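Trainee: Based on the provided sequences and hints, a complete structural model is requested.
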Amino acid sequence: MNKLKLLFLITAMATCLPNAFSQGVTTSSMNGKIVDSKNEPVFAATVVATHTPTGTQYGTITQEDGRFDIRNMKVGGPYTVTVTFIGYKETKQENIYLLLNKSAEINLVLNEDNVQIDEITIVYDKNDVISQNRTGAQTSVDREKIVALPTISRSQADMTRLTPESDGNSFGGRNNLYNNFSLDGSIFNNSFGLDVATPGGQADAQPVSLDAIDQIQVSLAPFDVREGGFTGAGVNAVTKSGTNQFKGSTYYFFRNENMIGNKVNGLTVKNLDFSTKQYGVSLGGPIIKNKLFFFVNYEQERRDQQAHGFVADNGTNTGNSNTTSVAEADIKAVQQHFMERWGYDTGAYQNYNHKTSNNKFLIKLDANLSPKHNFVLRYNMLDAYRDILPHPEAVLGRGPTSFRLPFENSSYRIFNKIHSVVGELHSMFSSKLANKFMAGYTAFRDKRNPHSTPFPVVDILDQNGNIAITAGSEMFSTNNRLNQDVIQVSDNLTYYADRHTFTLGFNYERFKFENSFNLFYYPWITAFSVQDFLDDNFAYFVGNPTGDLNQDVTDAQKNPFAWSDVDVAQIAFYAQDEFQVNDDLKLTFGLRLDVPKYYNDIPQDEATDRGKNFDGWVNENGNSVKLDPATWPDAKIMWSPRFGFNWDVKGDNTMQLRGGSGIFTGRIPFVWLGNQSTNARIDAGYEFQLNATSKDFKFPQVWKNNLAMDVKFGHGWLATVEGIYSKDVNAVVHRNYNMLPPSGQLSGTGDTRARFAGFNEQNIYSASAGSEAFLEAGAIVMDNTKKGYQFTATAKLAKKWNSGLSADIAYTYLSAKDLTSIPAEIAADAFQRNPVVGNPNMPAYSWSRYGLQHRIISSVMYKVKYGKMASSFAMFYEAGKGNRYSYTYAGDVNNDAISNNDLVYVPENSSDIHFGTVVDGLGVVAADAAQQWSALDAFISQDDHLSDRRGKYAQRNGAMLPWYGQMDLRFMQDFNLDIHGKQNTFQFSVDILNFGNMISSNWGVRQFATTNNPITVNGVDNNGTPWLQFDPNLKKSYIDDVTVNSKWQLQIGIRYIFN
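Residue 1275 in my numbering sits at position 773 of the sequence shown, with consecutive numbering throughout.
Since the hints were made in silico from the structure, they are not lab data.
Please read all numbers here as calculations on a predicted model, not as lab measurements.
Treat the hints loosely; a few may be bogus.
Claimed, not checked - Using 30 Å as the maximum straight-line C-alpha spacing, the simulated BS3-like pairs for lysine-lysine come out as follows:
#1 Lys749 / Lys779
#2 Lys749 / Lys594
#3 Lys1383 / Lys1197
#4 Lys772 / Lys1383
#5 Lys1138 / Lys1060
Unchecked claim - Ranges of calculated distance between the beta carbons of each label pair, as one might list FRET restraints:
#6 Asp1079 / Lys1301: 33 to 39 Å
#7 Phe1560 / Pro956: 23 to 29 Å
#8 Asn816 / Asp1542: 48 to 54 Å
#9 Thr820 / Val1366: 37 to 43 Å
#10 Glu592 / His921: 44 to 50 Å
#11 Lys1301 / Phe1473: 20 to 26 Å
#12 Gly811 / Asp1107: 49 to 55 Å
#13 Asp1107 / Lys1138: 24 to 30 Å
#14 Glu542 / Trp1303: 57 to 63 Å
#15 Gly1467 / Gly1216: 25 to 31 Å
#16 Val1366 / Ile1554: 17 to 23 Å
#17 His921 / Pro956: 26 to 32 Å
The C-beta atom is built at its ideal place from N, Cα and C for all residues, glycine as well.
Mentor: So, in structure tokens, the structure goes:
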């Protein structure tokens, strides 16, 4: 025991090094009990598990109670287990396949040597559900499913959707930013948290080829303390390894616009021209037989796509669905003026293409250093980019619409590059002591480059005040850079003592970010008409007016680019005891400690002291508080006790009760700390916002509780009923401490919400308060709340037949609530976009926007072999309801200076609302108050949520989209060839998504909300009465989604598999 204490102390000291981590589990294990013919335990029997493809052997001896436990084994198989003991016949069990982070239970009987019986060989019955080593909710996807199931994107998401509690990358009703993605156990997140949760997603690239993945596991409530870094789900993929046999494949996948349906509910919808091609090759084999193996994969994808389908109005195409209100003569004149006046090439304004490209490579080496030590080294890279149109909404919006055309050079190209290397050493020092050490480094290099040469942003407005034509450098992309470095190390020491398996370990993960973001680096210029622009009559919305756009560029480039740094670590220590109480009951007890560490300091000067020394900040309750934007929060130890159990109810592996309870500590998207590092200063002049973090802020924590029963019955049927209840311990909420509580109130209708009296309540720290800056977006503070829960209940039925057919079906119900669903990655946006009734600092406890209230999934796989051929068929079906959204006013009814965040009041009758008159563009009355009420009343009545809320406020995320259903298919045909005595295979595959739409355009159609803002705020009079507008043309809550989401899609693949 003293040795263990010493080893734990050494482990703790190692974490003080400024490097490292590993949260995921990359291996499998095997345990069981060896008894004799009298059911007595056999002590000191030799157990050897041989990984047949590589000859790798793992050995141990049984304990006094006949039990054995082998850790750190390669996933997959097949394995053969051989048990020997003096005086007993040798016993074997074959065809054992190990699933990621799951332990195969092998219980064997040894017969005495004097008994006349031949050597016993047993074929293993693979079952990843009924197992004493399973406690919490997990979904495993093995290579068989990865190969068989339909996918066009060839993404891990098409495999993780087999998790009943999932909805895209959201699991169990939690924000996808709170997941932990890992590759071979090493962290593989988009840890900064911009745009998407997975690396490469900004460039629409998969970071690792699906052909390089051996298994995927989704853990929602694993009560193993080695797993952490998430409050949503842990998603871990393990890559393939080489074997003693040379194996490989080369493949090609293709699709274009002709392989997508063009009808939705009878409406013909033209597809944009595009072509997507994927090429790849994989090869694995021995370098030294039984000793050293390699696996490599290279894949590239090329996509060429029409950027958008909108065109200018040339007089002959007026009224077409893709014709904008922008006159071709006007936009050509603008294009010519740019060239003649400033020598600036805008690029095309229509019929231009965008490109997407990615290359990925992976190499993995496995070395059997000795019978006791195995070493694995993996390197992978991604080099990807994608062309993207300007944003359709941000800062007034510049993307193409029915009234707007951006020039080609207003687009930008986003780059995602990744280099990652990780090494693992697995050691079995004795039959009682095993260890796994991991270290790795990953570099993420992301950037955005404008298509344009350096130039101001130029917007030209139409007669309605909308941006009609836009040109110049995309304003968010100037030197937009993000460098992420993640250094990782972990160690797990396992000790076997009779019925106890003890684990001690640590994780250390360090994240270093360098971010450059330079919004409005070049001036932002607006002309109020095409003629004004041609006359050089324009205004500078941002920038010093010179009138010479080339000089504007020269002046801007004298300024340095802004950079901010975040350097943070998360350290974890843990200990665990797996206690085999008896043959039928196993208990797991664990304790994990997580603590953050902040390495860098935010530079402090007079500008940062302004926020620290200001006494006027107020919290959500209106109480005076102090802020220190230039200081990180205190490091808090976060305790995560966990308990799990598994009970074989009948003692015959036909009915098991399992579950557990425990705390899970995750991470935040580190962009929220980046916001603070960037916006800690209050400089003289205009200031967009201030960011700070509560001194007592803690990383997210959730208390997860899981209870499930698995039952085998009939001829191979397996039924599961499972419930998960999660309660937030430390959830994240953003508030504005530059805002007083509202002192006013609406009146004159049923809507009596609190209302801000004016500017001084909206903005405490402002020029009128004697400051040097106006904090338009406020002082955004990141804090914790304990309010929030998620509950899922799942029922699942599965069966495998000997004929090669397997099928399963599952239903999941979800209920989840929170104070905020964090509707944006940027802290200020997360605050402003959270729908509220009155005070945005006091959001209501309401529905979460994540997850589906009802979800049904089913999969079927079938493979038949005949002669030298084989045919495979697979189906995945999904139906769901629960994509949630909020009904808010268009405008600002509570005067908090935030538009479109006020939940609507749903009137009971016409006296409960006041309407202003609706006039058209020519000033003609289009609808009076009576007409508007009649139309609104009808709209409310046909809407499930609004009709239920009459006389009340709409609930945040209270509305849901209707049911949808989609069936995806994959068909593969194998042609086996005999090449030099070895079987090679030519394979043809067809993937079809949304197959129902191929049969009928009325099937597989999804819908989305016609509007989130059905009622417009015209103003509030001096009596506090809101005057509103409703468009009588708005009649239905939903309209058909005529995009690719509702159309069938097809992809063709060709593969050659060689041995």
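Trainee: Given the hint of 37 to 43 Å, is the C-beta distance from Thr820 to Val1366 inside that range or not?
Mentor: Roughly 58 Å apart at Cβ, these two residues miss the hinted range, so it is violated.
Trainee: Confirm or reject the claim that Glu542 and Trp1303 have a C-beta distance inside 57 to 63 Å.
Mentor: violated (38 Å)
Trainee: When you take the CB atoms of Asn816 and Asp1542, is the distance between them in 48 to 54 Å?
Mentor: violated (29 Å)
Trainee: So the hint says 26 to 32 Å: do the beta-carbon atoms of His921 and Pro956 match that?
Mentor: holds (29 Å)
Trainee: Below or equal to 30 Å on CA atoms is what counts here, so check Lys1138 against Lys1060.
Mentor: Not satisfied, since the Cα-Cα distance of roughly 43 Å exceeds 30 Å.
Trainee: Falls inside 44 to 50 Å, the C-beta gap from Glu592 to His921?
Mentor: holds (48 Å)
Trainee: Could you check the hint for me, namely that Val1366 and Ile1554 are 17 to 23 Å apart, CB to CB?
Mentor: holds (22 Å)
Trainee: Range hint 25 to 31 Å: satisfied by the CB atoms of Gly1467 and Gly1216?
Mentor: holds (28 Å)
Trainee: Please test the hint of 23 to 29 Å on the beta carbon pair from Phe1560 and Pro956.
Mentor: Hint violated: Cβ distance 51 Å, outside 23 to 29 Å.
Trainee: Lys772 and Lys1383 were given as a pair; does the straight-line alpha-carbon distance stay at or below 30 Å?
Mentor: holds (28 Å)
Trainee: If I claimed the Cβ atoms of Asp1079 and Lys1301 lie 33 to 39 Å apart, would that claim hold in this structure?
Mentor: holds (36 Å)
Trainee: Is the hinted pair Lys749 and Lys594 satisfied, with a Cα-Cα distance of at most 30 Å?
Mentor: With a Cα-Cα distance of about 28 Å, the restraint between Lys749 and Lys594 holds, given a limit of 30 Å.
Checked against the numbered hints above, the structure breaks hints 3, 5, 7, 8, 9 and 14 and satisfies the rest.
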